[in-house]
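Novice: Residue-level listing of the chains:
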Amino acid sequence: MSNLVAKNITKLLGNPSQEILKNISLEIPAKQFVALTGKSGSGKSTLLYILSTLDNPTSGQLIIKEKNTASFDSNTLHQFRNEQVGFVFQFHYLLPELTALENVLMPARKMGIHVEKTKQAIELLEMFELSDKKNNLPKQMSGGQNQRVAIARALIMNPKFIFADEPTGNLDSTNSEKVFEILNQVNRDLGTTIVMVTHDVEMAAQTHRIIELKDGEVISDKLQREASKLGIEKNNRNSDK
Amino acid sequence: MIYLALRHLVSRKRQSFFTLVGIFFGTAAFVIISGFFLGFQQYLTDQLVSNDAHVKVTRNDEKVDAKTIVDFLFPEKQKIDWIRLPNPRLNVVDLSNPQGWLEKTEGDPRVVTVGFQYSTTALVLKGGLSQSVSLIGTEPRKQIQITNIQTKMIKGNFLDLDGGIDRLVIGQTLSEDLAISVDDFVMVTPASGRNFPMKVVGIYSSGNRMGERGTIYTTLATAQKLGGQNSKVNQVSIRLKDYMTAAAYASEQKRFSKDKVESWDQANASFLSIFRTQDIMRYTTISILLLVAGFGIYNILSMVVVQKQKDIAILRSMGFGPSAIQTLFLSQGVLLGLLGSFLGALVGYVICNLLTGLTMNGPMGSESLNIAFTLDIYLNAFLLGVGASCLAAYIPSRAASQMTPIDIIRRGAE
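So the sequences go chain by chain: A and B.
If you're matching positions, the first sequence starts at 506 in the numbering used here and goes up one per residue.
If you're matching positions, the second sequence starts at 50 in the numbering used here and goes up one per residue.
With the rest of the complex left out, here is chain B:
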């Protein structure tokens, strides 16, 4: 029957071609749209994952409002008038037991590196110009494992921070704004108001201009000294083997700690929700395309079944059963679907390759488009294309199989 199905398809070349084109476009669009969106998502995820720790441990904000205090101190009083409202939170941001985290993570096969951070706000002054920054004290040897800061260095080496005291790594934007170059001395003024002269040993460029201007790095000890908080730590940064397990890891650790444990994807939840919106958009667009293509197949095959009634009658009179008739028409849709989906995936791949060659001026500077090429996309596109055609061909082919030869002949005779 497939032999006859092929002859049918060849005998109406134009119809077959346009049906094929429908499925072809649907599949190609799936590949291109998916490649584009998933590439973008992968790129952003890579940025998020490599620019920051996979899991961050910080102090839980414990806020205490006036009512809680009243209820606790004066449970029997109806009304309390405050002369001055109490401070809602403690003016401490450091972790109570950072060493505990070191012990807890030691020997855990999921953990690659654990590093301490102490950060504080400060002003950077150079030649009468100033810029407020967030000063992050890290353990440089660990930090370069926790994030990819080392690969972002355009001058100097991140590990140079360890070469002496009071050393800084600053962002490219800040270096341009304040005309700072490597080996220059700048004045750093933390909240305490004291001035610390510090030497710039390196400049990084992350592509994020806000970050480059507002974030500078030093060693943990230096930051603690500037903040006046010796041996205090306000963040534990954890690098995991597999960043996809970060959320599960964070949730697990949260149960055993009063600290705030947050994975990269939990911290960027609002950001990641954009991905979900994109996915919905992607699938909606593709569903509509395939629906249109499916309707094309459905329409044409329904028409063909009506046109071919006499052929059905003659085939049935030769002893071909209903299932053979169904195969005749179903296989036409399936063949078109297979071929269309295959060509669509192929051309989609070629177009994706061409798109990769395009460069775009984005926030991260001029770079080539990120297109995803995962096998998943191609498998999904192919299966969706074939599935839509099968479904669309099934209905008319079923109708054809249920026609009886005698009804067709009787109708023809009338």
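Isolated chain A, as found in the complex:
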């Protein structure tokens, strides 16, 4: 079953307007880990934000779980982002006034369930080896630690999708590996669909599928391996319990 379907997505930007995305159609099945690659200016980030509903296409349709996103009113859209989507940005964008734990719990505040979610938030921080940093402010942690907190935040509402815009773009290689390993782990163990924009060829090579863009068009779409059966089996086993 295709989870996320883009049909004939076109995006015009700027004045005079330029065609950033040209008639892009693609399907992303559930639990797939997709790398969007391409040179800067190829339109990969724009595509990511359209796929994640943060931006609107100029024309074309985005269908998520068989629902056309154009039919969403703004409240449904906000609710959808809150419950189904997690974002990880290049600049790890934590709220500087809040501690690591409070940042992780921020999405839960929208629904007023941050108290119930505290246990899960602490577990997520433990999973990312950050349990001793939970009361630190973002400025008291390293960039890699900040990014891991941001991933924990993206996961707190158990989203179906994670959209990551060069999540390791600002990190050294050790931290990059750590962050990527976490994303891999999330995809494998939780079955979360991940769409990640990256420049890193090595990293892209470890995902399920590489979609390469150039000048707003898909120039290659390479399926490297099927989405992990292990994750599905694991989930099945969990639901059996």
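Quick caveat, the hints were computed from the structure, so don't treat them as lab data.
Nothing false has been slipped in among the hints.
In the SDA-like style, the derived pairs of lysine to any residue whose C-alpha atoms are separated by at most 20 Å in a straight line are: (1) B:K359 x B:D456; (2) B:K359 x A:Q645; (3) A:K639 x B:Y52; (4) B:K359 x A:Q595; (5) A:K644 x B:L55; (6) B:K359 x A:F596; (7) A:K639 x B:R56.
On a predicted model such as this, the values are computed, not experimentally measured, just so you know.
Using the hints provided, position chain B relative to the given structure of chain A.
Specialist: Showing chain B alone in chain A's frame:
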């Protein structure tokens, strides 16, 4: 969102503090300035209301000029030469039907007391010294209800006037000028030129030195005798239950009478217009203060919104809607406004209390400053303070709510 707003405020303590101070000063100034001016106004109003009747009925000045007479007597003549110009008005000042006023006011629930007065000018002579005065004949038992003269007596009792004929109550200044003390006899000479020896039975002090020198009191009958106008009355004084209704009452009565009916505030209209000027001044000053404070909030929040664009983007990507973003910034202004206004009103109250302790040498002698403490002032100050902050915070918070996450991210990427 209010939770995050609080964290924002705490994280930039200095900015928050100075914004708070702006609103704080505006509100405190409102309370102090209002307390001061309204206290002064209340004090003067009290003086006006209690020193004189609420409503006075006197004879209407009917002036007749030469032209009116000519038009009436010789309508067909083109030109009339007067040998001597006619007297423009009647030489009478008494009311034609004072008893009518008694009947009219009887049983009116708004009226407390109605008293007759007859006043005339006279000279007071004592030991070769003299002073011209206005001699006011009153009904003492009623007069002490109509005005607060009894409370102003420093020697004797106003009701002693009733104890016999030809008795006087004089002001403190006159008693000092002419060296008169209680139980002294003075010579009173009205316009008729006859001399009347009269006994001083009391001395009052109103605080108004001019009045104390120029106004003396006796009974209605004595004044009528001195004026040679037996049983004539030239003023009906009316005391009402509520002095605020005096103007309405006077206007109502004027419609049914040819007499001149005037309330205390109509009689002192020029005086009361000063109050209006003061009010304009008061509101102008306070508006400017709050405008400055409002601009402080506006400036700082506008800056913060720009600085916090990435936070807005991340919050929006988490699924917080525009209204949540607006709440985040609006509530910061409102919180500062609430706290600043509350503290301002509180400190204003404390300062007003301290000011009350100050004494001033005024025309009425040494007395403490009159500061108003009505709830109105505090409510107004608080509401104005909060209102100004809300308004000032609204504009930047609205701008913040209309930023879209994708625009912010795209700008950040450039």
